[in-house]
Amino acid sequence: MTVQLPGSPHTSPVPALALRGLAKRFGGKVAVDGISLDVPAGSFYGVVGPNGAGKTTTLSMATGLLRPDFGTAYIHGVDVWAKPLEAKKLMGILPDGVRLFDRLTGEQLVTYAGLLRGMDRDVVAQRVGELMAALDLSGDAGTLVVDYSAGMTKKIALASALIHAPRLLVLDEPFESVDPVSAANIRGILDNYVASGGTVIVSSHVMDLVQRMCDHVAVVAAGRVLAAGTVDEVRDGATLEDRFVQLVGGGNQTGGLEWLRTF
Amino acid sequence: MVAHLLSLKWRLLLNGFRRSPGQLVGIAIGGLYALGVVATLAGALVALRWADAETAHTAVVLGGAAALLAWAVVPLMASAADMTLDPSRFTTSAIPMRQLLTGLALAGFIGLPGLSTMIVALFTAATWWRSVPAVLGALLGAVLGVLSCVVLSKVVTTATASLAASRRFKDVSSIVVFVPLVLMGPIVAGVFRGVSSSTGYLPELARTVSWTPLGASWSLGGDLASGDVAAAGLKALIALATLLVLFAGWNALLKRALVTPPYSGGSGKRGGKLGLFGLLPATPTGAIAARALSYWIRDPRYAASLMVVPLLPVIFLFQSGQSGSYSMLVILGPLAAFILAWSIAADVSYDNTAFALHLATGVRGIHDRLGRALACLVFALPVVLIFAVGPFFLTGEWGWLPCVLGLSLGVLFTGLGLASIVSARYTSSVPLPGDSPFKKPPGNVAQTLAVQFGGMAVLFLLVLPELVLVIVQSVTGDPLWGWINLAIGTVLGVALFVAGVRIGGRWLDRRGPELFAQLSVNR
Chain Z
-11 MTVQLPGSPH
-1 TSPVPALALR
9 GLAKRFGGKV
19 AVDGISLDVP
29 AGSFYGVVGP
39 NGAGKTTTLS
49 MATGLLRPDF
59 GTAYIHGVDV
69 WAKPLEAKKL
79 MGILPDGVRL
89 FDRLTGEQLV
99 TYAGLLRGMD
109 RDVVAQRVGE
119 LMAALDLSGD
129 AGTLVVDYSA
139 GMTKKIALAS
149 ALIHAPRLLV
159 LDEPFESVDP
169 VSAANIRGIL
179 DNYVASGGTV
189 IVSSHVMDLV
199 QRMCDHVAVV
209 AAGRVLAAGT
219 VDEVRDGATL
229 EDRFVQLVGG
239 GNQTGGLEWL
249 RTF
Chain Y
2 MVAHLLSLKW
12 RLLLNGFRRS
22 PGQLVGIAIG
32 GLYALGVVAT
42 LAGALVALRW
52 ADAETAHTAV
62 VLGGAAALLA
72 WAVVPLMASA
82 ADMTLDPSRF
92 TTSAIPMRQL
102 LTGLALAGFI
112 GLPGLSTMIV
122 ALFTAATWWR
132 SVPAVLGALL
142 GAVLGVLSCV
152 VLSKVVTTAT
162 ASLAASRRFK
172 DVSSIVVFVP
182 LVLMGPIVAG
192 VFRGVSSSTG
202 YLPELARTVS
212 WTPLGASWSL
222 GGDLASGDVA
232 AAGLKALIAL
242 ATLLVLFAGW
252 NALLKRALVT
262 PPYSGGSGKR
272 GGKLGLFGLL
282 PATPTGAIAA
292 RALSYWIRDP
302 RYAASLMVVP
312 LLPVIFLFQS
322 GQSGSYSMLV
332 ILGPLAAFIL
342 AWSIAADVSY
352 DNTAFALHLA
362 TGVRGIHDRL
372 GRALACLVFA
382 LPVVLIFAVG
392 PFFLTGEWGW
402 LPCVLGLSLG
412 VLFTGLGLAS
422 IVSARYTSSV
432 PLPGDSPFKK
442 PPGNVAQTLA
452 VQFGGMAVLF
462 LLVLPELVLV
472 IVQSVTGDPL
482 WGWINLAIGT
492 VLGVALFVAG
502 VRIGGRWLDR
512 RGPELFAQLS
522 VNR
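Protein chains in written order, with this note's numbering: chain Z, -11 to 251; chain Y, 2 to 524.
One chain only, chain Z, in its complex shape:
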C-alpha cells in the first residue's frame, strides 16, 4: 500500500487538518483503509472520489462525528479524539445526509448553532442577519426549514457552520442541489474566507468545480488516497476529470444502447 503524502514545500509547520492512519470498518466492509493526509493552513482543499469511496466516512472521523477504529485527526495541532471540545471550536462542519432541526425557522436554526457554541446574543444576532443576506435567504428567514427547498437547506446548514468564524471549514458536498447563482455566491464567500487565512475542505464529485475552485486536491477511492497535492501536481497536465478516471479506473464503456439512435 503506497500512500502518496502531499509533499508540497509550502506547507506551513502546523497543518489545518492532519489525518494520521484513519481507518474504519463497518461490519465486514472496510470503508476507510488507513488514510493519512495533510491539509495546509490557508488552502482550498478538494476531496474527490467515486460514490462509496469513503469521503463522508473520512470527513466524519476527521470532524469528531464518527469514532475511528484506528488513527486520529489533528485540527491545527489539536487532537480531535483526545480534546474534542477544543478541536470543535476551531472548525465549522457541513455534514452530508444528516437532518437539521427543521421545525425551527432558518433564522432560529442559525441562532441556535451560534448559541450552542456559547456565543454572545448580540454577536449572534448581527452575524445571523449578515449571513442570511449573504446567502440570499433574508426573504425566507422566518420560514420553517422543513419548508425550504433542498438548495436552501444546504445554504442554511452552511450558515450554521460559519456562524462562529471557524479557522477550518469542512464541507461535505456543499454544492449539491444548490442553484448556480447561489453556488457562485457561496464560492465567493469561501474564496474571501480562504484569502483572509481560513482553510476550506470540500468533498465533491464534480471535477470541473474542484479544478476551478480548489488549489489542492486529494483523490480518494476504496478507502485510500490515490493521489494528493496541489491541483496542478495531481492533474499533471491533463484535466482533473481525465486524470481522475485514469486513477480510479473503470473507464467509460460507451458501447451498446444503439437503439437510442434509432428513434
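Treat the hints with caution; some may be incorrect.
[Unchecked claim] Just so you have them, the derived chain Y footprint on chain Z, three or more residues with Cβ under 8 Å: (1) 44 to 58; (2) 88 to 99.
[As the list claims (entries may be wrong)] One-sided excerpt, in silico: chain Z residues whose CB lies under 7 Å from chain Y: (3) Leu73; (4) Lys76; (5) Ile81; (6) Leu104; (7) Arg105; (8) Gly106; (9) Arg109.
These are computed hints drawn from the structure, not numbers from a lab.
In this text, a Cβ means the ideal position worked out from N, Cα and C, and glycines have one as well.
Fit chain Y to the supplied structure of chain Z, relying on the hints for placement.
Chain Y alone, transformed into the frame defined by chain Z:
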C-alpha cells in the same frame, strides 16, 4: 388499460407483502381483523333475515349511510391513506380520462377496505332473502352503494390532495386524529346510551335518510320486500344520480389535478422573530431549552403526546361519573407526572441525525441534558401541580393532598432525571422527523421495548419510598405521613434529577459519537 391499472394495483399489493416479514405480519393481522369485522357484520345481516322488516330496514340503511360517511372521512384523517394509485403519478402517461376513472374506481376494490365493504354490502341480499325482487333490489343497491363509497372517497381525496400535501395540514390532522382515539371509551359509551335511549326515533331517521343520497341505495331491498315499488324506483334513481354526480365531480377534479401539481410550501416569511430564542438566556442550556420547547409546540410527534394530557381528566371524570366516586381522580397528578417526565426518554431519538449539530458544536453533555429537562419542566410542573391539587376540590379529602403532591413531584423529578440518562445512552425507534406520530417507526422494536420497559421498572424502584409512604398513610390514616412524603418526594426527586442530568451529561460527553452512530442507523 383498465386491466393494466387493476394489475398494477394488484402487483403493488403483492409487492407490499414482499418488502419484509414484518410487513407481512402486519397485513396478516390487519387481514384477520378485517375478516373478523366482516364475519360479524355478515352474520348480523344474515340474522336480520328473521327480524321484522322495519328493524332490518333501519339497520341496513343506517349502517350503509355510516359506511358511506366513513369512506368520505377516514381517508382524510389517515395520513397513511392509500396513495399507491395517486392520480398525479399518471400525469406523464397519457391515459384516456374515461379509462383512468374506471380503472382507478375498480382498483379501489383491491385492498382490505374495498373488499370488506363489498362483501358486507352483498350480504344485505341475505337480509332481504324474502322475495325475488327484494334480493335483486338489495344486490343492485349494494353495487351502487359500494361504488358510491369508493368514488366518494376518491372525490374527497382528490379535492383535498393539494391541501393534504401541505405540511401544515398533515401536522394538524395527525394531532387532531388523536382526540377521538384517546376518547374512544367515552364516545362509544355515549353513542350506545344515545342509541338505546332513542330506539323509537331510529326508524323515522332511517326513513328520512333513505330518501337522501346517503341511504337511497341501501333502501332498495327493504322497499321491495315491503312491496313499495314506486319508492324503490325513485330511490334507485336517486342512488344512480348520486353515483353519476360523484363520477362527474371526480372527473372534473381529476382533470384539474392532473394539470396542477400539488402546491408545496408557503410564501417566504422574513425573519426578525426569534421566538423563544430571544426570551430564554443566551447560553447553550437556554438555547437547547428554547429549541426543545419550540419542538413541543411545532412537531406533531411531541404535540401528539401533549394532546393526551388535557384529555386525561376527561377520561377520568367520565369514569368517575359512571361509578359515582371521585376517588380515582387523585391518580391524575402522579400519572401526568409520569407521562410528561417519561416523554423525554426518547428525546435524542426524536432528534434523529439532527443531533449532529449538538455533536459538531461541542455542546457539553450536561447543558444538553439540562436544557431538555428544563424545557419539559416548564410546562410539566404547573400541569402536574394542577392535576394533583384539582381532584381534591371534588373529593374534599384534603388530608391526602400533601401525600399525593409528594408522590407527583417525586415521580416528575425522578422521571426527568432517569429519562435524561436513558436518552443519553439508548436509542428507541420512534417515528422519523416529519412522519406522522402514528407511522410505524423503523428500527429495532425489541430494543425499544427493552429500553422503555426496563426504564419504567427502574423508575418504579426509584419512587418506591414515595409509594411506600402512600401505603403507610392509607394504613395508619395519619396525614403526618403525607407531609413526610411531600418532603421526601421533593428532596429525593430533585436529588435524583440532578444526579440523572449529571450522569446523563457525562455519558453523552463520552459516548456522543457512538450515540450518533446508533441514530444514523434509523434515518
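Hold the hint about Leu104 (chain Z) up to the distance rule: shortest CB distance to chain Y must be less than 7 Å.
-> holds (4 Å)
Go through the hint on Leu73 (chain Z) and say holds or violated, using the shortest Cβ distance to chain Y against 7 Å.
-> Holds: closest Cβ of chain Y sits about 5 Å from Leu73 (chain Z), inside 7 Å.
Against chain Y, run the beta carbon of Arg105 (chain Z) and see if the smallest gap drops under 7 Å.
-> Because about 5 Å separates Arg105 (chain Z) from the closest Cβ in chain Y, which is inside the 7 Å limit, the hint holds.
8 Å C-beta test of the region 44 to 58 of chain Z against chain Y, three or more residues | With 5 residues close enough to chain Y, the hint holds.
Is the shortest C-beta separation between Arg109 (chain Z) and chain Y less than 7 Å?
-> Nearest chain Y Cβ about 4 Å off; hint holds.
Cβ contact check, 8 Å cutoff: the region 88 to 99 of chain Z against chain Y, three residues minimum = holds (count 10)
Return the status of the interface hint for Ile81 (chain Z): holds when the least beta-carbon distance to chain Y is below 7 Å, violated otherwise.
-> Nearest chain Y Cβ about 5 Å off; hint holds.
Does Lys76 (chain Z) pass the interface hint, meaning its C-beta sits closer than 7 Å to a C-beta of chain Y?
-> At 3 Å from the nearest chain Y Cβ, Lys76 (chain Z) passes the 7 Å test, so the hint holds.
Does the interface hint hold: is Gly106 (chain Z) within less than 7 Å of chain Y, judged Cβ to Cβ?
-> holds (6 Å)
Consistency with the previously given hints is maintained throughout, with no hint failing.
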